[in-house]
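Peer 1: FYI, numbering that gives the first Met the number 0 numbers position 318 of the sequence shown as 317, with every residue one higher than the one before it.
Hints should not be assumed to be uniformly reliable.
[Claimed, not checked] Here are the in silico distance ranges between beta carbons for each label pair:
1. Asp90 - Ile5: 46 to 52 Å
2. Ile56 - Glu198: 52 to 58 Å
3. Asp186 - Asp293: 36 to 42 Å
4. Asp90 - Ile224: 46 to 52 Å
5. Met252 - Ser125: 51 to 57 Å
6. Lys298 - Arg220: 56 to 62 Å
7. Tyr82 - Arg133: 43 to 49 Å
8. Gln21 - Asn108: 24 to 30 Å
9. Asn73 - Val261: 47 to 53 Å
10. Asn60 - Glu129: 47 to 53 Å
11. Trp54 - Lys157: 37 to 43 Å
12. Ile56 - Glu195: 42 to 48 Å
13. Leu62 - Tyr295: 44 to 50 Å
[Unchecked claim] DSS-like, lysine-lysine: derived pairs with alpha carbons at most 25 Å apart:
14. Lys126 - Lys110
15. Lys206 - Lys110
16. Lys267 - Lys219
17. Lys157 - Lys126
18. Lys110 - Lys159
19. Lys207 - Lys8
20. Lys126 - Lys107
21. Lys202 - Lys219
22. Lys268 - Lys298
23. Lys110 - Lys138
24. Lys143 - Lys110
25. Lys107 - Lys138
26. Lys107 - Lys206
27. Lys2 - Lys126
28. Lys123 - Lys138
29. Lys22 - Lys199
30. Lys107 - Lys209
31. Lys138 - Lys2
32. Lys110 - Lys268
33. Lys219 - Lys176
34. Lys270 - Lys298
35. Lys126 - Lys159
36. Lys157 - Lys110
37. Lys157 - Lys107
38. Lys8 - Lys268
39. Lys143 - Lys219
40. Lys123 - Lys22
Hints in this document: simulated from the structure, not taken from any laboratory. Ideal Cβ positions, reconstructed from N, Cα and C, are used throughout, including at glycine.
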Amino acid sequence: MPKLTIDGKQVGSSDIACLVLQKDSFQTRDQIYERHFNARHKVSTMRDHQLKKLWAIQRGNELELPTFKLFWNNLLMEIESTYGDLPDLDDLSWIQPDFAYVPEYYNKNHKALGMGSSIDFIIKSSKEYEVQVRGQPIKIFPGKNIIEIKTDFYKGGKLKPEWSLQVQHQMICAGVKHGIVVCFASDGDLHLYPMEINEKICKVIMKKCKEFWEMIEDGKRYPPISETQDTSLRTKTLDETILKKTNQDMVQMSEDYLVASVEERKWKKTKDGIKQDIVELLDNLEIDVLTIPDQYQIKSVTTEVPKKKMVETGHMTERHSFTIKEIKDE
């Protein structure tokens, strides 16, 4: 979707995740601040040009319309299969907006928020349709339905928080209550994430936008993003309220995990030692494949492969972190 919002005047839907979460897959809240602050003071930078050069953004822009049409055609097929007929254009249609939606169209009190949204597609319907597209249940509601297109080849199989915030921001700006994130992923399939407007999230978004423009006006900066402590982590201490919600013995499970980890390290060391002995033996015998009749076949082959270079793609991907460590009161 071409950028239709005005820097220095409107926080766009692609900006909002940074203001709420501090950063998203492509940029940080400080970079959002710099772009809008510079636009207010008519200072040009290379940041937007650099973003446009990122392959993930180029790919997303070029595949946006084809991905929507793939979704739209499958939607029509499922509606015909479920309801017996294809809907008329008066009943179901879509547009690709060529202007930015702003919330003051729907609520004059929202003008001071300085928000605007470039929306990928909007499906307009005169009635409700409930179907399964690519095996995933969705509803098209009467009125306007936002469709946000993603072509994410690094996704972890679930809705990203930044996508959710983006669509909630779009709903505020367009006066819409329903939307669907349509993601064309690395498995070659469409992944669909229906969403409804969430008043609590919307209040957070509007608060962050208001704070943002106040900071721009006053020339104040965000504090540095802490790399050592993530304030978004849901941290709790085990107490009665948590124990009532589960029948699992967390203490025993933690102890079992640590014991298993010790055993795993011990047996890995043993395994690696045995492997090295076998490899050296086969090398000395000049054998690549050794068959022990009716028992085992052992293969030990060294080949040359192209050396790979790790480079940053400019795109963030999910990585799960899990640790258990003993802590003792002093």
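Peer 1: Each of the hints needs a verdict: does it hold here or not?
Peer 2: Status of each hint after checking the structure:
1. Asp90 - Ile5: 46 to 52 Å: Given range 46 to 52 Å: violated, Cβ gap about 35 Å.
2. Ile56 - Glu198: 52 to 58 Å: violated (31 Å)
3. Asp186 - Asp293: 36 to 42 Å: holds (41 Å)
4. Asp90 - Ile224: 46 to 52 Å: holds (48 Å)
5. Met252 - Ser125: 51 to 57 Å: For Met252 and Ser125 the Cβ distance comes to about 53 Å; the hint holds.
6. Lys298 - Arg220: 56 to 62 Å: Holds, at about 60 Å.
7. Tyr82 - Arg133: 43 to 49 Å: violated (18 Å)
8. Gln21 - Asn108: 24 to 30 Å: holds (27 Å)
9. Asn73 - Val261: 47 to 53 Å: holds (51 Å)
10. Asn60 - Glu129: 47 to 53 Å: violated (32 Å)
11. Trp54 - Lys157: 37 to 43 Å: violated (23 Å)
12. Ile56 - Glu195: 42 to 48 Å: For Glu195 against Ile56, whose Cβ atoms are near 28 Å apart, the range 42 to 48 Å is violated.
13. Leu62 - Tyr295: 44 to 50 Å: The hint (44 to 50 Å, Cβ to Cβ) holds, given that Leu62 and Tyr295 are roughly 49 Å apart.
14. Lys126 - Lys110: violated (31 Å)
15. Lys206 - Lys110: holds (13 Å)
16. Lys267 - Lys219: The hint is violated at about 54 Å.
17. Lys157 - Lys126: Violated, because 29 Å separates the two Cα atoms, which is more than 25 Å.
18. Lys110 - Lys159: The hint is violated at about 28 Å.
19. Lys207 - Lys8: The given pair, whose Cα atoms are some 15 Å apart, holds under the 25 Å limit.
20. Lys126 - Lys107: Judged against 25 Å, a Cα distance of about 29 Å means the pair is violated.
21. Lys202 - Lys219: holds (22 Å)
22. Lys268 - Lys298: holds (20 Å)
23. Lys110 - Lys138: violated (31 Å)
24. Lys143 - Lys110: Holds, at about 22 Å.
25. Lys107 - Lys138: Status violated; Cα separation ~30 Å.
26. Lys107 - Lys206: holds (16 Å)
27. Lys2 - Lys126: violated (31 Å)
28. Lys123 - Lys138: holds (12 Å)
29. Lys22 - Lys199: Within the cut-off at roughly 20 Å; holds.
30. Lys107 - Lys209: Holds. Lys107 to Lys209 sits at ~15 Å (cutoff 25 Å).
31. Lys138 - Lys2: violated (28 Å)
32. Lys110 - Lys268: Distance of about 65 Å is beyond 25 Å: violated.
33. Lys219 - Lys176: Outside the cut-off at roughly 34 Å; violated.
34. Lys270 - Lys298: It holds: about 16 Å lies between the C-alpha atoms, which stays within 25 Å.
35. Lys126 - Lys159: Distance of about 29 Å is beyond 25 Å: violated.
36. Lys157 - Lys110: violated (33 Å)
37. Lys157 - Lys107: violated (35 Å)
38. Lys8 - Lys268: Roughly 61 Å between the alpha carbons, so the hint for Lys8 and Lys268 is violated.
39. Lys143 - Lys219: Distance ~38 Å between Lys143 and Lys219 Cα, so the pair is violated.
40. Lys123 - Lys22: Outside the cut-off at roughly 33 Å; violated.
Figure legend: structure checked against the earlier numbered hints; hints not met, in rising order: 1, 2, 7, 10, 11, 12, 14, 16, 17, 18, 20, 23, 25, 27, 31, 32, 33, 35, 36, 37, 38, 39 and 40.
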